[in-house]
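K.L.:
Letter by letter, the chains look like this.
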Amino acid sequence: MTPFKMHRAKNLGEAAGLFKAAEEGRFLAGGQTLIPVLKQRLASPSDLVALSGVAGLAGIKVEPSRITVGAMTRHADVAASADVRRLIPALAELAGGIGDPHVRNRGTMGGSVANNDPAADYPAAVLGLGATVVTDRRRISADDYFQGLFTTALADGEIVTGLEFPVPERAGYVKMPHPASRYCLVAVMVAKGQTGVRVAVTGAGQAGVFRVPSMEAALAKSFSADAIVGLKVPSDNMMTDIHAGADYRAHLIGVLARRAVAKALA
Amino acid sequence: MPVITVSVNRATQTVDVPDNMLLSSLLRDVLRLTGTHIGCDTSQCGACTVHVDGRSVKSCTMLAVETDGLAVMTIEGLAEGDKLHPMQAAFRDHHGLQCGFCTPGMIMAAVALAEHNPAPTEAEVREGLEGNLCRCTGYQNIVEAIMSGARTMHGARS
Ligand SMILES: Cc1cc2nc3c(=O)[nH]c(=O)nc-3n(C[C@H](O)[C@H](O)[C@H](O)COP(=O)(O)OP(=O)(O)OC[C@H]3O[C@@H](n4cnc5c(N)ncnc54)[C@H](O)[C@@H]3O)c2cc1C
Ligand code: FES
Ligand code: FES
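Line by line, the protein sequences are chains X and Z. For the first sequence, the residue numbers in the working numbering are 1 to 266. For the second sequence, the residue numbers in the working numbering are 267 to 424.
One should not assume that every hint holds.
Computed spacing ranges between beta-carbons, pair by pair [to be verified]:
no.	chain 1	residue 1	chain 2	residue 2	range
1	Z	Gly320	X	Gln147	37 to 45 Å
2	X	Gly13	Z	His420	42 to 50 Å
3	Z	Gln406	X	Gly17	21 to 29 Å
4	X	Gln40	Z	Asp319	26 to 34 Å
To give an idea of the chain Z side of the interface with chain X (calculated C-beta under 7 Å), a few residues [what the hints assert, rightly or not]:
no.	residue
5	Val281
6	Thr315
7	Ser322
8	Val323
9	Asn383
10	Thr387
11	Glu390
12	Gly394
13	Gly397
14	Arg401
15	Glu410
Everything labelled a hint here was simulated from the structure, so no lab data went into it. Glycine included, every Cβ here is placed at the ideal spot set by N, Cα and C.
Build out the structure end to end from the sequences listed, making use of the hints.
P.N.:
Rendered as structure tokens:
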């Protein structure tokens, strides 16, 4: 790793200030993406601003119709939360399927959502459940937040503070994990509730997570796995790599979406 | 360099660490606790697994400064004198290792798993080992060792 100066902020204002004062700053959350990136020298920031000591960023708040997850909440804590398991079981299950136990003990929801890896799990939850990304400056709807490969609506130095999830009537998440890394080869979140019917796909798109309007329309008429049989997603904008081709990924979307609907109904 | 105070295997250490030092390096190079192994250094293999405040983490993927004020436990901290921790004994009894390179990480992962889940099923053990690679054993005996070690840890007959 190239040398950097390490700072541990105690509150949001301090974190934003340290970032601003740095030549090239980076926030550090769980480090499960950033530390490997630094080791590979894909980034060489002059300063890291750790968010682990910022008061009030970790934790899960429950209201009757929504759950707010603090940005520094670890994947393991989302997976284990009795409230999340009761109100949005698909979200708890998704969190429990990220990487491995050690990654889940460090990795955070805010870090994953800020990073917006095209094969990450949380983007499917945020877009599929119609969540709101809350930052130290504003509130951003999921539909406006994700803007392509590793790209989001976040401005330089903007800090994700939490994610607000409307509690759905029902939701289901199904993932085809890459057998070694556990990242998503393809995964689909299907939800029905306050924000209508939403189908979000991660792992497949060249531009990251996306919705499938044709499936959403069919499911809005009839929320059943049969309603989307035969609905094809074009393979034009799908990723191709040594693990899976674009056609296979497009095919998996249909299969996994039907399974996700069945799970939501179970 | 930041000065941190960290408990390592129940002993408080005050150390001056470079800003970019990894926890694995603090343990191995500074504190000379070389039981924590580095297999990949790319967050994949789990040979470097230790506990931070009771939770398993990959020490090659955490900065040493982030352990300020926390409690770290490594493989060296498990045994009480000559008496092996039940999970260590179970790995020996069930031949849960061959070359032994992955073993410290396997055992730290196993102890964390068993502390949270007193009677893990075989499927839960295999799922719990998702972050730990072994190039020798084929995992079968590791899984048996962990199921047995968990039972002993929680006081049942193994
Ligand atoms: C072996 C392994 C397997 C994995 N498997 C999966 C998987 O199956 N599915 C999956 O989804 N992910 C997987 N991950 C990634 C993991 O979930 C990461 O934890 C996550 O992507 C990043 O979260 P973090 O808290 O570790 O963030 P960090 O690595 O600390 O930060 C990531 C980026 O986000 C920025 N950032 C962090 N927090 C904030 C914030 N609050 N506001 C603004 N910017 C911020 C940082 O500056 C950095 O650029 C895996 C990782 C590893 C090492
Ligand atoms: S050395 Fe840390 S995961 Fe391999
Ligand atoms: S015993 Fe050799 S790597 Fe596991």
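K.L.:
Hint by hint, which ones does this structure get wrong, listed from lowest number up?
P.N.:
Violated hints: 3, 5, 9, 10, 11, 14, 15; rest satisfied.
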